[in-house]
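Peer 1: Residue-level listing of the chains:
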Amino acid sequence: MMRMRHLLESQQLDPDLLFHLFSQAELFRRNPNLRPLNGKIMATLFYEPSTRTRLSFESAMLRLGGEVISTENAKEFSSAIKGESLEDTARIIAAYADCIVMRHYEDGAAKKAASVSRVPIINAGDGKGQHPTQALLDLYTIYRELGRIEKMKIAMVGDLSSGRTVHSLSYLLGKFKDIEIIFVSPKNLRMKEEIKEYLSRHKVNFREEEDLNKILSEVDIVYMTRIQKERISAQDYEDAKGKYVINLNNLNLLKSSSRILHPLPHVEEIDLPLEVEQSDKRVAYFRQAENGLYIRMALLCYLLECDNFSHASTLNFVANLS
Amino acid sequence: MMRMRHLLESQQLDPDLLFHLFSQAELFRRNPNLRPLNGKIMATLFYEPSTRTRLSFESAMLRLGGEVISTENAKEFSSAIKGESLEDTARIIAAYADCIVMRHYEDGAAKKAASVSRVPIINAGDGKGQHPTQALLDLYTIYRELGRIEKMKIAMVGDLSSGRTVHSLSYLLGKFKDIEIIFVSPKNLRMKEEIKEYLSRHKVNFREEEDLNKILSEVDIVYMTRIQKERISAQDYEDAKGKYVINLNNLNLLKSSSRILHPLPHVEEIDLPLEVEQSDKRVAYFRQAENGLYIRMALLCYLLECDNFSHASTLNFVANLS
Amino acid sequence: MMRMRHLLESQQLDPDLLFHLFSQAELFRRNPNLRPLNGKIMATLFYEPSTRTRLSFESAMLRLGGEVISTENAKEFSSAIKGESLEDTARIIAAYADCIVMRHYEDGAAKKAASVSRVPIINAGDGKGQHPTQALLDLYTIYRELGRIEKMKIAMVGDLSSGRTVHSLSYLLGKFKDIEIIFVSPKNLRMKEEIKEYLSRHKVNFREEEDLNKILSEVDIVYMTRIQKERISAQDYEDAKGKYVINLNNLNLLKSSSRILHPLPHVEEIDLPLEVEQSDKRVAYFRQAENGLYIRMALLCYLLECDNFSHASTLNFVANLS
Chain X
16 MMRMRHLLES
26 QQLDPDLLFH
36 LFSQAELFRR
46 NPNLRPLNGK
56 IMATLFYEPS
66 TRTRLSFESA
76 MLRLGGEVIS
86 TENAKEFSSA
96 IKGESLEDTA
106 RIIAAYADCI
116 VMRHYEDGAA
126 KKAASVSRVP
136 IINAGDGKGQ
146 HPTQALLDLY
156 TIYRELGRIE
166 KMKIAMVGDL
176 SSGRTVHSLS
186 YLLGKFKDIE
196 IIFVSPKNLR
206 MKEEIKEYLS
216 RHKVNFREEE
226 DLNKILSEVD
236 IVYMTRIQKE
246 RISAQDYEDA
256 KGKYVINLNN
266 LNLLKSSSRI
276 LHPLPHVEEI
286 DLPLEVEQSD
296 KRVAYFRQAE
306 NGLYIRMALL
316 CYLLECDNFS
326 HASTLNFVAN
336 LS
Chain W
16 MMRMRHLLES
26 QQLDPDLLFH
36 LFSQAELFRR
46 NPNLRPLNGK
56 IMATLFYEPS
66 TRTRLSFESA
76 MLRLGGEVIS
86 TENAKEFSSA
96 IKGESLEDTA
106 RIIAAYADCI
116 VMRHYEDGAA
126 KKAASVSRVP
136 IINAGDGKGQ
146 HPTQALLDLY
156 TIYRELGRIE
166 KMKIAMVGDL
176 SSGRTVHSLS
186 YLLGKFKDIE
196 IIFVSPKNLR
206 MKEEIKEYLS
216 RHKVNFREEE
226 DLNKILSEVD
236 IVYMTRIQKE
246 RISAQDYEDA
256 KGKYVINLNN
266 LNLLKSSSRI
276 LHPLPHVEEI
286 DLPLEVEQSD
296 KRVAYFRQAE
306 NGLYIRMALL
316 CYLLECDNFS
326 HASTLNFVAN
336 LS
Chain Y
16 MMRMRHLLES
26 QQLDPDLLFH
36 LFSQAELFRR
46 NPNLRPLNGK
56 IMATLFYEPS
66 TRTRLSFESA
76 MLRLGGEVIS
86 TENAKEFSSA
96 IKGESLEDTA
106 RIIAAYADCI
116 VMRHYEDGAA
126 KKAASVSRVP
136 IINAGDGKGQ
146 HPTQALLDLY
156 TIYRELGRIE
166 KMKIAMVGDL
176 SSGRTVHSLS
186 YLLGKFKDIE
196 IIFVSPKNLR
206 MKEEIKEYLS
216 RHKVNFREEE
226 DLNKILSEVD
236 IVYMTRIQKE
246 RISAQDYEDA
256 KGKYVINLNN
266 LNLLKSSSRI
276 LHPLPHVEEI
286 DLPLEVEQSD
296 KRVAYFRQAE
306 NGLYIRMALL
316 CYLLECDNFS
326 HASTLNFVAN
336 LS
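For the record, the sequence lines run as chains X, W and Y. Residue 239 in the working numbering sits at position 224 of the first sequence, and the numbers go up by one each step. Residue 132 in the working numbering sits at position 117 of the second sequence, and the numbers go up by one each step. Residue 99 in the working numbering sits at position 84 of the third sequence, and the numbers go up by one each step.
Zero decoy hints are in this set.
Any copy will do: because identical chains look the same in the list, a pair fits if it lies in one copy or spans two.
List time: in silico EDC-like cross-link candidates among lysine to aspartate or glutamate, alpha-carbon distance up to 20 Å: (1) K190 / D31; (2) K90 / E63; (3) K207 / E225; (4) K126 / E99; (5) K97 / D286; (6) K190 / E212; (7) K190 / D235; (8) K97 / E63; (9) K190 / E165.
Derived from the structure by calculation, the hints contain no laboratory data.
The shape of chain X in the complex, shown without the other chains (with noise of 0.2 Å):
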C-alpha cells in the first residue's frame, strides 16, 4: 500500500494500516527504552486548548526519543492576528519541526495546512470536522480488550449529531465486516445522515434506541459520550442529560465480557464509585486514555518512517485482561 502522509481523517486508515499500527503499538508498551525517534522534533500547533490531547503527543514524541515545541494557544498569539494565512504558518512551523500535530477551531484546516506542508500533518481534532487519532485510540482500544473488532456489537450513546468522536469511529468500522451499530440518542440530537448513508453503502448493520437500559445487555461495548452543553439548545440538553447513565443501577446489565469506553473527560453519564471504577475490569476508559499514548507512538513513527522494527514478537499479541 501507498505510504499515507498525513493523518486528515478516519476514513484514510485502512485495515492493513490499522493492524501495522496495533502492532507497533504493542511493540513500545513491551519494550520502553526504543527511541527510533532521536533527534526529530514535533511541533503541536493548537488553535484551541486540549491539554490533554496535547500532553498524549508531547508524551508520545518524548518517550521515543524526539523533542517537542509546543503552543497552547495559537489563536490568540501567533501570527494569525496579524493577518496571516494558516497555509503561511504550517509552512514556516515545518521548517522548524519534522511533523506537526495540528489542532484548530475550524473544519478542514489540517487540510489546508498539509496542502502547503513539507513534514506529515496530524490532525488532533479539527472543529466539528474529525479526530482521527481519538478513532485510532478507540478501535485500539476494542481490539485489545475484546480480541476482536469484527464480530461486534457496540452502542454509541448521546450526542450523537455532534458528537466529533462518535463520526469518525463510525468512518473506521465501515471498513470492518460483521459489525452491528445502536445509536442510543435523544430523537433530535440522531447520529447524521451522511454517516448512517456510509454506514448502509458499507454494509454495517445499525439501528436507533432511545432507550439504554433496553440494549445494555446485547452489546459488547457501550460507547459513551459527554452531552455538550456548548453545543446544543437547553431544551435537548435537558432530554439527554439525565438520560443516559452508566451507574450501579444499570450496569450489571452488561455482559461480563463487556466494556465500557469513554473518549473523557466523563461527567454525570458515569456515575460510578471509585473503587469500581478501580476493581470492574468491564470500565475500559482509563485503559483507553493510556492506550492513545501507545497508539500515537505508532503513529509518530509510521509519519516519521521510523517504523522498520522487525516486530514478528507482536503480530498476533492478544489482550490479556482476566
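Here the structure of chain X is known, so what remains is to put chains W and Y in place on it, guided by the hints.
Peer 2: Quick look at chains W and Y alone, frame taken from chain X:
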C-alpha cells in the same frame, strides 16, 4: 524508614530524609553531568500560574536527563471546565508521565490527586495549604549557610497569618532541637494558633514581637516575606507595609554570620542597593533560589527511586561561603 | 576580537563575527546530527507573545542537543505582577538556565537583564527597540542568496518609521562597503533621522522614494514589511496599505537575480499565487525564515562558547540556488 511515595506536606519530611536529600543535592551541584532520570517524564500540572516554581522544577528534571510535559494554566484549559474531577485528571496524566508536579488553588488538592495516582505527586503549592518544596529549600539553605540547623534562632517576618511558606517552614523546624523562633508581625497578622500549638507540643521555643529592629541583632536567620496585598484587608496592608523592611539603616544590626532569607519575589520589604545585594554575604536569598534547583533534583530522584548513588564523598559536606 | 557575552543590539555584530556565524550556520545545515549543546538549558522569557520567534529559538536549541524551559506570557504570569524587578527575575532565571532568550515590550529591557545576569542574554525584540537576530538572519539570507553583501543595492519598503526590523538591518548594513539603500515609504512614515545620520557617518549611500514600481528594476534586494496597523494613525495606514504591494503586475520589474525578502508574517503587501511563491526563485522569504533556524543555532553555540569546531570545510561556502 519507609519510602515516601508523594510529597504533600512538609510534616512528611523527617531529619533522616532531609539530610539524605541535602547530601544528594550537593552531589548534583558538584556533578552536573549525572543523568539518572534519563527516559523519565515529569508533568507539571499548574492550576494557577507560578512561573518561577515551574521553571525551577523543569530545569531540575532536565538537568537530571529527564523530560517535561507542561501546562501553565490547567484551570482554564483542561477538562476541568467541562466538569472533570481532579482525580480523573490525575489518573490520566499519570498514564503520560512518571511523576506529577501540581500547583492548585485549593487546599488539599494534591492529596486528592495522590489518592488515585499511580505515580508520585509533588505538591507545589495548594491554596492556603502548603508548599513543602519551598520549606525544603529554605531549610537546605539554612543548613548550607549556617552549617547547622539545631541551635538556631530565626525570625519570621511579615504577614504570618496567611503566608504559606512560614507555615510549612514552622512545621519542619518542629522536627529539630534547640530551635528558637521569633514571629514578627502586626497584631492582626500573627502566626496561626494551630501552628503555635504544634510548636509547643514539639518543644520549640517561640515568642511574638512587633518591632523588627528590636530583634535583628539576636537572630541567626531573618526570614522576610512579602505582605500579600491580595490576601488581607486594606488597613492591615497599610499597617504592615512600611513597617517590616530591611534597608541600609538596619542591615548592620545583623551579625556578620547572620543571613537574610526570602522566598521571593521581594518588593519593598527588601530595600538594598544592587551592590550590597551582590557583595554582602548576609544577603542569601539569591543563593536560596538557586538551592531550590539542587534540592528539587534530589527530591525528584528520590521519588523516582533513582537515588542509589554512592555518596560517601558527599556525606559530610560543609557550606563553604567565606 | 573580544568575545561578545550578550546579543542586545545589531550594532554589536561586526563583519568578522558575522562571517563566523554564517559559516557555523552552514555547518549545522549540512550536519544535522551535531549535538554541541548537550546538557545545556535555554530559557525563553517572553513578556509579549511571538510564537514564531520562540519556536525558532527552541527548535534551534533542541537541534543542537540542548533543552528548553519556556514561558509564553511572562508578563501576566510571572512575579512581575507582584512587583518584582526585571533584574531580579533575570538573576533567578539565570540560576535555572545556561542562557536566556528574552522578548519584552519595553525598550532596553534586555540591557537591564544583561546588567545582572551571569548567563548570556539574547534580545529577541524589546519594544520599539531592536530585534538583532532578525537582522542577523536577514543579512545571512542576503549573503546566501546573492553570494555577497558588499556592492549591493537594497530597497526597504513600508512603514520605515516604526519598523523594528528595518532599523536593526540598517545598523548592520552600516558595517559594509558599497551598500546603497533606497527607503520606500509614504512621506509620513519615513526612516528615522538618527538612522539616516548613522548611515551618513558610515558612508552608506541612501535615498528616499515614494513609488515602489519606479525602483524595482534597479535593486538586488527588495525588503518588504507589513504596515503595522496597530502602531500608526488610521490615515497613515490607509495611505500606505494598498500602495506597497508585490503582485503579478510588478513582479517582473525585478531582475531574475533579485530577491524578495520579508520578515513575515506577510499580509496583503505580498499578493502572489501559491504556485509563484513555490516556483519563482526570487521569492526568498520562506528560505529566509528557515535560515533563522540555522543562524540561531550558530548564535547559541557562539554565546555558550561551544563553537570550536573545525570548520575549514565550510569557510568558502557559496549559495547554490541555480
